[in-house]
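Student: Sequence:
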Amino acid sequence: MEFIDLLYELDSNLDTTDVEAMKYLCTGLLPAKKLAIMTSGQELFEALMNIDLLNEGDPFLLAELLYLIGHHSLLKKLNTTKEHVKDILQRGGKITAYRRMLFEISENITKQDHKEIIFLLKLTKKQKECKSFLDLLSYLEKMETITTDDLTALENALSKVSPDSLKIIGRYKKEKAQQVEDQTHNTNIMSPTESLEYEGEPEDLQKPPISIQVMSQDPKEEEEPHNGTRKGSVGELVQVIHGEAQKDDDHAGNIENQVGMLSLNDEQTRKNLETHIYAMNHKHRGYCLIVSNLLFVRSQPRPGTEKDAEDLKGVFTWLGFEVETFKEQTADDILKCLEEFSKKDHSDRDCFTCCILTHGESGTVMGTDNVSVPINDVIARFIPTNCPTLAGKPKLFFIQACQGKQPQTACPIQPDAAILVKKKKYAISIPADADLLIGMSTVDGHFSYRHVKEGTWYIQALCENLVEMVPSGEDILSILTKVNRDVSRKEGQAGSLKQMPQPAYTLLKKLIFPVPCRPYNSIQD
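Just so you know, we're using UniProt numbering here: the sequence shown kicks off at 1 and counts up by one.
Source of the hints: derived by calculation from the structure; they are not laboratory data. Honestly, I wouldn't trust all of these hints.
[Unchecked claim] Label pairs and their computed distance ranges (CB to CB):
no., residue 1, residue 2, range
1, Leu294, Gly70, 47 to 53 angstroms
2, Asp345, Glu46, 23 to 29 angstroms
3, Glu46, Lys509, 25 to 31 angstroms
4, Ile277, His72, 27 to 33 angstroms
5, Ser132, Ile277, 32 to 38 angstroms
6, Ser132, Ser12, 18 to 24 angstroms
7, Tyr8, Gln112, 33 to 39 angstroms
8, Thr317, Met49, 19 to 25 angstroms
[Claimed, not checked] Mimicking DSBU-like on lysine-lysine, the simulated pairs with C-alpha atoms at most 35 angstroms apart in a straight line are:
no., residue 1, residue 2
9, Lys173, Lys122
10, Lys174, Lys490
11, Lys176, Lys307
12, Lys313, Lys490
13, Lys336, Lys313
14, Lys122, Lys167
15, Lys509, Lys490
16, Lys176, Lys509
17, Lys82, Lys33
18, Lys131, Lys82
19, Lys77, Lys167
20, Lys77, Lys122
21, Lys33, Lys77
22, Lys283, Lys313
23, Lys490, Lys327
24, Lys34, Lys115
All values reported here derive from a predicted model rather than from experimental measurement. Where is the CB? At the ideal position from N, CA and C, for every residue including glycine.
Based on the sequences and whatever the hints tell you, model everything.
Tutor: Below, the structure written as structure tokens:
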């Protein structure tokens, strides 16, 4: 069903009271004058779409409105449930907590209560003409008799007419106080008592989020590449982000939830916050390309990659992506796939995701023919000059492949690297203006691990944390920080095997995926 047809069908199930309730909840999202002249749900939906608060890619605001006005049966048409929406709203929605609180009170007020409250507030004859309690609340807000910080007049009246409603105000005040406390005293993602073990170079992992490292120019390290390796431009600088972006995230807080909790009188602040989030309001979320290699000409197979590819497809489909999976790809095949997707028209899409699951070495991924493709070549096809319709949009790359030598390991845990002669070290050079995020399964020079049945540590942690954290409104860097933590705590061979993923990015804004309307229930451990 087309989205516009769905909206038409939903409107046909709404009566005048429902529309008035939804209009009230949208106060602050839309101009008061525009809301005043609306008489149907169609008009309200159209106005919300015009300012990109409602669209086919992100219809959650509609689910939120239907849930709040009690039309739970209509949520099925949005492929969601009241339990799922309730769970999401506990962590914040697009309707402010203040607006939800006042609406909840209105649901408890009878006609007689309404009359008595008008009497207690000593309103003039003209003011007494408010037809509904929602109209009365709107008037009290307009006159600033009640505000987000001062509900005294309303509390005094409710204490005599509807004492139970004071509990609703109490919950609101507690929630607001907690929000202020969270913003003032941000907590780190890792508790002080936790200790993570890292293999290799722990001091390097403690560097600031962005560091510039000069590759060694020792000629002994720059040996000639294997004949099967493709030559590509190799930068001397590698921009490395070690997943410590949580510090910035703690300072900024969860922007999506902040936007939902803002005062209705602080519209400018709302707009300022939203400019720091990538737009996710196009007709389509975007393409997700998955390359999964199992069998190789001169290397061991990669059992477990099937599980990774299946779970990635499920999660990114759930997030709204159009997923295409390509298996058993040679180096030429990989480059052809990348070229094909870079030439597609992404104008109606929010972003692009590419997942490559294969063997690899430093700065490269490997085709089934054991020919290596520099990761720089993968990235370069999607920078603005080569893919203009993705300019200014986030481009995500998740690489599951070893990036260095590995020791012999026993099954069922295997390293994701091919056993070949020593090769040239490729540095991953990230264009500075490309809105890129590259999630590497391991730091350069090290291996990553794959369970032959359960899949790789990195991809499984990525899928699980996307499912867990997207509904909470977390941004992608916060999610990848959690992935780092989870993977670093995994162990193989009685604790002798460790792994640390490495995200690198040139994102200019926060990337927050819209909360899917339907829950995700198929991720397997």
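Student: Each hint: holds or not?
Tutor: Now the hints, each set against the structure:
Under the hint 47 to 53 angstroms, the C-beta atoms of Leu294 and Gly70, about 51 angstroms apart, fit the expected range. Here the CB-CB span from Asp345 to Glu46 is close to 26 angstroms, well matched to the stated 23 to 29 angstroms. Remark: the range hint 25 to 31 angstroms for Glu46 to Lys509 is upheld by a beta-carbon distance near 27 angstroms. At roughly 29 angstroms, the beta-carbon separation of Ile277 and His72 lies within the given 27 to 33 angstroms, and the hint holds.
At roughly 35 angstroms, the beta-carbon separation of Ser132 and Ile277 lies within the given 32 to 38 angstroms, and the hint holds. At about 23 angstroms, the beta-carbon gap between Ser132 and Ser12 stays in the expected band of 18 to 24 angstroms. For Tyr8 and Gln112, the Cβ-Cβ distance of about 38 angstroms falls inside the hinted range of 33 to 39 angstroms, so the restraint holds. Checked against the hint of 19 to 25 angstroms, the pair Thr317 and Met49 passes, with Cβ atoms roughly 24 angstroms apart.
At roughly 26 angstroms between alpha-carbon atoms, Lys173 and Lys122 fall within 35 angstroms of each other, so this suggested pair holds. Between Lys174 and Lys490 the alpha-carbon distance is near 38 angstroms, which puts this suggested pair outside the 35 angstroms criterion. Proposed proximity of Lys176 and Lys307 is contradicted: the alpha carbons are some 43 angstroms apart, above 35 angstroms. Simply put, Lys313 and Lys490 have alpha-carbon atoms about 24 angstroms apart, close enough for the 35 angstroms limit, and the pair holds.
For the proposed pair Lys336 and Lys313, the alpha carbon gap of about 21 angstroms is at most 35 angstroms, so the pair holds. Only pairs whose Cα atoms come within 35 angstroms are accepted, and Lys122 paired with Lys167 is accepted, the gap being roughly 24 angstroms. With a C-alpha separation of about 31 angstroms, the suggested pairing of Lys509 with Lys490 holds against the 35 angstroms cut-off. About 26 angstroms separates the Cα atoms of Lys176 and Lys509, which keeps this hinted pair within 35 angstroms; it holds.
In summary, the hint linking Lys82 to Lys33 is supported, as the alpha carbons are separated by about 31 angstroms, within the 35 angstroms threshold. Annotation: proposed proximity of Lys131 to Lys82 holds, straight-line Cα distance about 30 angstroms (limit 35 angstroms). Among the hinted pairs, Lys77 with Lys167 is consistent with the structure: their alpha-carbon atoms are about 33 angstroms apart, no more than 35 angstroms. Of the pairs offered as hints, the one joining Lys77 and Lys122 is violated, with about 45 angstroms between alpha carbons and a cut-off of 35 angstroms exceeded.
At most 35 angstroms may separate the alpha-carbon atoms for a hinted pair to count; Lys33 and Lys77 meet this at roughly 30 angstroms. With a C-alpha separation of about 20 angstroms, the suggested pairing of Lys283 with Lys313 holds against the 35 angstroms cut-off. A C-alpha spacing of about 28 angstroms is found between Lys490 and Lys327, which places the hinted pair at or below 35 angstroms, so the restraint holds. Restraint check for Lys34 and Lys115: the C-alpha separation of about 28 angstroms stays at or below 35 angstroms, so the hint holds.
The structure shown violates the earlier hints numbered 10, 11, 20.
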